[in-house]
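Q: The lines below spell out each chain.
There are 2 protein chains.
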Amino acid sequence: MNISSKSNLNKNIKHIEGFKFITFNAKVKEKSVRDDFLIIIMDDRSKVSAVFTKNKYCAAPVLIAKKNLKNSTKLLVINSGNANAGTGKKGEQDVEKINHKLATLFSIKPSQVLPFSTGVILQPMPVARIMKSFEKYLTKPFLFKSDWLDAAKAIMTTDTIPKAISKTFNIDGHKISCTGIAKGSGMINPNMATMLAFIMLDVSISQKMLNELIKQVVAKSFNLITVDGDTSTNDSLVIASSNKAANEVIKTKNKYYFELEKHLIAIAKNLAQAIVRDGEGATKFVEIEIKNAKNISEVSTVGKVIANSPLVKTAFFASDPNLGRILAAIGNVGSINFDPGKIDIKLNNSIVIRNGQLAKSYSEEKAFLAMKKKEFKLSINLKRGSVTESVFTTDFSYDYVKINAEYRS
Amino acid sequence: MNISSKSNLNKNIKHIEGFKFITFNAKVKEKSVRDDFLIIIMDDRSKVSAVFTKNKYCAAPVLIAKKNLKNSTKLLVINSGNANAGTGKKGEQDVEKINHKLATLFSIKPSQVLPFSTGVILQPMPVARIMKSFEKYLTKPFLFKSDWLDAAKAIMTTDTIPKAISKTFNIDGHKISCTGIAKGSGMINPNMATMLAFIMLDVSISQKMLNELIKQVVAKSFNLITVDGDTSTNDSLVIASSNKAANEVIKTKNKYYFELEKHLIAIAKNLAQAIVRDGEGATKFVEIEIKNAKNISEVSTVGKVIANSPLVKTAFFASDPNLGRILAAIGNVGSINFDPGKIDIKLNNSIVIRNGQLAKSYSEEKAFLAMKKKEFKLSINLKRGSVTESVFTTDFSYDYVKINAEYRS
Numbered sequence: 000m001n002i003s004s005k006s007n008l009n010k011n012i013k014h015i016e017g018f019k020f021i022t023f024n025a026k027v028k029e030k031s032v033r034d035d036f037l038i039i040i041m042d043d044r045s046k047v048s049a050v051f052t053k054n055k056y057c058a059a060p061v062l063i064a065k066k067n068l069k070n071s072t073k074l075l076v077i078n079s080g081n082a083n084a085g086t087g088k089k090g091e092q093d094v095e096k097i098n099h100k101l102a103t104l105f106s107i108k109p110s111q112v113l114p115f116s117t118g119v120i121l122q123p124m125p126v127a128r129i130m131k132s133f134e135k136y137l138t139k140p141f142l143f144k145s146d147w148l149d150a151a152k153a154i155m156t157t158d159t160i161p162k163a164i165s166k167t168f169n170i171d172g173h174k175i176s177c178t179g180i181a182k183g184s185g186m187i188n189p190n191m192a193t194m195l196a197f198i199m200l201d202v203s204i205s206q207k208m209l210n211e212l213i214k215q216v217v218a219k220s221f222n223l224i225t226v227d228g229d230t231s232t233n234d235s236l237v238i239a240s241s242n243k244a245a246n247e248v249i250k251t252k253n254k255y256y257f258e259l260e261k262h263l264i265a266i267a268k269n270l271a272q273a274i275v276r277d278g279e280g281a282t283k284f285v286e287i288e289i290k291n292a293k294n295i296s297e298v299s300t301v302g303k304v305i306a307n308s309p310l311v312k313t314a315f316f317a318s319d320p321n322l323g324r325i326l327a328a329i330g331n332v333g334s335i336n337f338d339p340g341k342i343d344i345k346l347n348n349s350i351v352i353r354n355g356q357l358a359k360s361y362s363e364e365k366a367f368l369a370m371k372k373k374e375f376k377l378s379i380n381l382k383r384g385s386v387t388e389s390v391f392t393t394d395f396s397y398d399y400v401k402i403n404a405e406y407r408s
Numbered sequence: 000m001n002i003s004s005k006s007n008l009n010k011n012i013k014h015i016e017g018f019k020f021i022t023f024n025a026k027v028k029e030k031s032v033r034d035d036f037l038i039i040i041m042d043d044r045s046k047v048s049a050v051f052t053k054n055k056y057c058a059a060p061v062l063i064a065k066k067n068l069k070n071s072t073k074l075l076v077i078n079s080g081n082a083n084a085g086t087g088k089k090g091e092q093d094v095e096k097i098n099h100k101l102a103t104l105f106s107i108k109p110s111q112v113l114p115f116s117t118g119v120i121l122q123p124m125p126v127a128r129i130m131k132s133f134e135k136y137l138t139k140p141f142l143f144k145s146d147w148l149d150a151a152k153a154i155m156t157t158d159t160i161p162k163a164i165s166k167t168f169n170i171d172g173h174k175i176s177c178t179g180i181a182k183g184s185g186m187i188n189p190n191m192a193t194m195l196a197f198i199m200l201d202v203s204i205s206q207k208m209l210n211e212l213i214k215q216v217v218a219k220s221f222n223l224i225t226v227d228g229d230t231s232t233n234d235s236l237v238i239a240s241s242n243k244a245a246n247e248v249i250k251t252k253n254k255y256y257f258e259l260e261k262h263l264i265a266i267a268k269n270l271a272q273a274i275v276r277d278g279e280g281a282t283k284f285v286e287i288e289i290k291n292a293k294n295i296s297e298v299s300t301v302g303k304v305i306a307n308s309p310l311v312k313t314a315f316f317a318s319d320p321n322l323g324r325i326l327a328a329i330g331n332v333g334s335i336n337f338d339p340g341k342i343d344i345k346l347n348n349s350i351v352i353r354n355g356q357l358a359k360s361y362s363e364e365k366a367f368l369a370m371k372k373k374e375f376k377l378s379i380n381l382k383r384g385s386v387t388e389s390v391f392t393t394d395f396s397y398d399y400v401k402i403n404a405e406y407r408s
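Chains as they are written, first to last, in numbering that gives the first Met the number 0: chain R, 0 to 408; chain B, 0 to 408.
So that you can see chain R by itself, here it is in the shape it has in the complex (with noise of 0.2 Å):
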C-alpha cells in the first residue's frame, strides 16, 4: 500500500453468520503458487444484490453473474490470474463447465453460482487445471477456512496488500456485523481487469431493499474513485446479506433503511479509498470535494474531469498549484450548465480562488507547501445546489509510467 491509511484496514476481520469461505490454488496460472480461487457459500435465507462494469467488453464471468442474479444465489466464485474478458463464446461455455461441476459438488443449481473473475484479459480459462484442483480441493467434508483476510488475499492480482474491512453496528437495538473485501490497483494493473468487492453481512432485509441499497452504497463509494479514468471490463461490486440478524426485516425505505444505508456506505468508502491508496505509482492521496452540486451525478462527472485530468495528476505529483489546470480541466465539463465566474475552490482550509479568478489572499508558496504532503484535499464548490461529496484519486508519477510501460521488461 503506497499510501498507508488511518482506517479499520485489515483489522479485527470478523466472521458474518450465514457465510463460509473455502480457497485454494487452483493454479488459474500456471506457475501459481498462492490461493487464486476462493467460493463464499451462502445460506439459504441470504439475499444477494450486485452491480457490474458497464464497460462493453464486459468479460464472460460478468455476463453470466448477470443472467444468475436472478436465482437464488448460493455460491459467489471468485478466480484471480485470468479475467476471462475478450474470450467470445469459449470463455461463456468455460464458466458454465466451472458452474456445472460446481452445482454437483455442492448439490445446488449451476444458476444458483455467481461467477466473479480477475486477471489478464484475452486468454482462455485453464479450465482442465481448474477441475483437477476442484478434484483436490473440494472433497467432502469441506475444509472451510475462517480467516476472510485468506479471501482477500485469494482475489489480489497485483495489489500490494489484501483489502478486508469489517465493522459491526446497532439497527434497532440489534447488532449487526458485516465484512467487506476487496482488490484492485485502480485499473492501473498491467492487463488486469480489475475492481471486486464483496460485502456481507448479517442484517434482515427484503431482495427490494437490497437491490435499493446498492444503488446507493455504489454511487457514493466505487464510482466516486478514478485512478486513470479506465474502467476495467470485469469490476463488479456485490452486497449479501445472510438475513441472520435479530432486527425486524427491512422492507421499506424506513429509519432503518438509512441508518443502514450510512453504515454500508462508510464500509464501501474505505475499501474503496484502500484501492486508490494502493493504486501503482501513485505518491499523493487527494480528496476532490465537490460542493453544492444538484446531484451525485454532478459530483461524479465535475469530480473526475479533475481527477482524470493528466495535466492536473502530474501537477499533484509535483506538488504544484496549478490552479489554471484545474480550472480549465473544470470548463471542459460539457453536460453540466453551470458559471465557471461563480465556483470558489478551496486547498484544505484556504480559499484559493474565488469567483472563477486567484483569491486575493492567495499564496503559491502555502499552497505549494500544502500539497507536498501525501494527503491534501481540494473543495470546489458549485453553489448549485445541496449535495456535497468527494471524488479520492492519485497522482500521476514517473512510476506510473514505469508500472504502465515496464512489466514486461
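Read the hints as simulated data drawn from the structure, not as lab findings. Take the hints with a grain of salt, since some may be wrong.
Identical chains share a label here; the pair holds if one copy fits it or two copies do between them.
[Unchecked claim] Straight line, CA to CA, 25 Å or less: simulated DSS-like cross-link-like pairs of lysine-lysine:
#1 Lys144 x Lys30
#2 Lys382 x Lys88
#3 Lys345 x Lys365
#4 Lys89 x Lys341
#5 Lys341 x Lys376
#6 Lys207 x Lys261
#7 Lys373 x Lys401
Got chain R sorted already, so can you dock chain B onto it with the hints?
A: This is chain B only, laid out in the frame that chain R set:
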C-alpha cells in the same frame, strides 16, 4: 519537433494576396526577448470565419472575438506569453482597451478586431507594456513583414518549432494560394492555454460558405487530435479568405466548394498533425483509424477514448501490444451502442483482433516490432457505417510526466 514529419511544414511559405502582417516584441512576458505580438491586417473584401474552444472557462479574448466576429473583421491580433484566461471582467476590459488603441491606430472600429491570446492562465494582461510597444512599433508607415514564418514564431509558447504550411491548388482553372500557421504542443504545456491556428487564402467565397466550410475542416482536422484530452481555455481556429483569386465566388455547395473543402482539410490536418508531433514528451506518433463508423462524431468518440487512455498511452510508449487495454478502452464508450464482439483491429496492415478476440494469426513479437517504430497505425473496424477517419495522438512517456511536473525546478 519530437517526431519529424514528411509534410511541407515550414517549406516555401507563401504570401497570400490581401493579407499583411506585423510582429514585434510587446513584452507580454516582462523578460521576453523575442516577438510575442502578431497583427494580421486584412483587405476589405476578406471574409473571416472562426471556431473557438468549448471550455467554459474560455478566456477573455475568446469571449470578445466571438462577439466581434459578427462585424467585418479587419485585424487578427494575437499575443503569446499570457492567455488572459481566468481573469474575469478585468480581462475583458483589458482586451477592449487594446482593441480601442488598435482601432485608432489602424482607423477602424474596435469591433473589427479579433483578439487571440496564448500563454499563462490566471495572470492579468500587462496592458501598460503592450501599449508602450504599440507606440514604439506601430508608427506609420507600418513596417509590414513578409515571411510568414516570423508570424508563426510570434505565436509560439513552448512549441519547439514554428508551424507554417502553404499549398496552392486550382479551383475551376484558377490558382488558389493558402498559408496556415498554428501553435500548440497539444495542451500539454505547463500552464499554457494552447492551440491557435490561422489559415489564410485568396479564394473567392461567400461568408455563408466559409462558415459552412470551417465546421467541416475543424471536425476532420483539429478536432481529431489529442495529446491528453484536456481542451484549453483559448483554442481557436480562424479561416480567412481575401477573395482576391479570380475564381467565380463560391456561393453554394457546388463542386468547387467540395474541392476547396478537400484542400483545406488537407492543410488543416497537416497543421494539426504538426501540433501532435511537437507534443512534449512524445516519442510516438500514432494514427488511430476508425473504420466504418456511422458518422464523424463516432470516429472522434471512439478514437479519443483510445487515444486518451493513460493505460493505452503508456503501452504505446513501451511498444507493448497490450490489446486488452485497447479493447477495454473501446468498451468504455457509453454513448454508442456497438457490438464489441464484431470489432476487428489491425496494427499497420496485420489483423490482430478479429470479432473482439485475438486473431489466429496474431504474433506478439511482430506486434511489438511494429510498435517499436516512431510511427504506427491502429485501425479499428466498427462495421457500422461508411465513415472512415483517423485520430492522431502521442504516447505518455517519462518526459511527459517530467515536463508537466517539473517545470518549476
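Q: Check each numbered hint from earlier against the structure, then list the numbers of those it violates in ascending order.
A: Failing hints: none at all.
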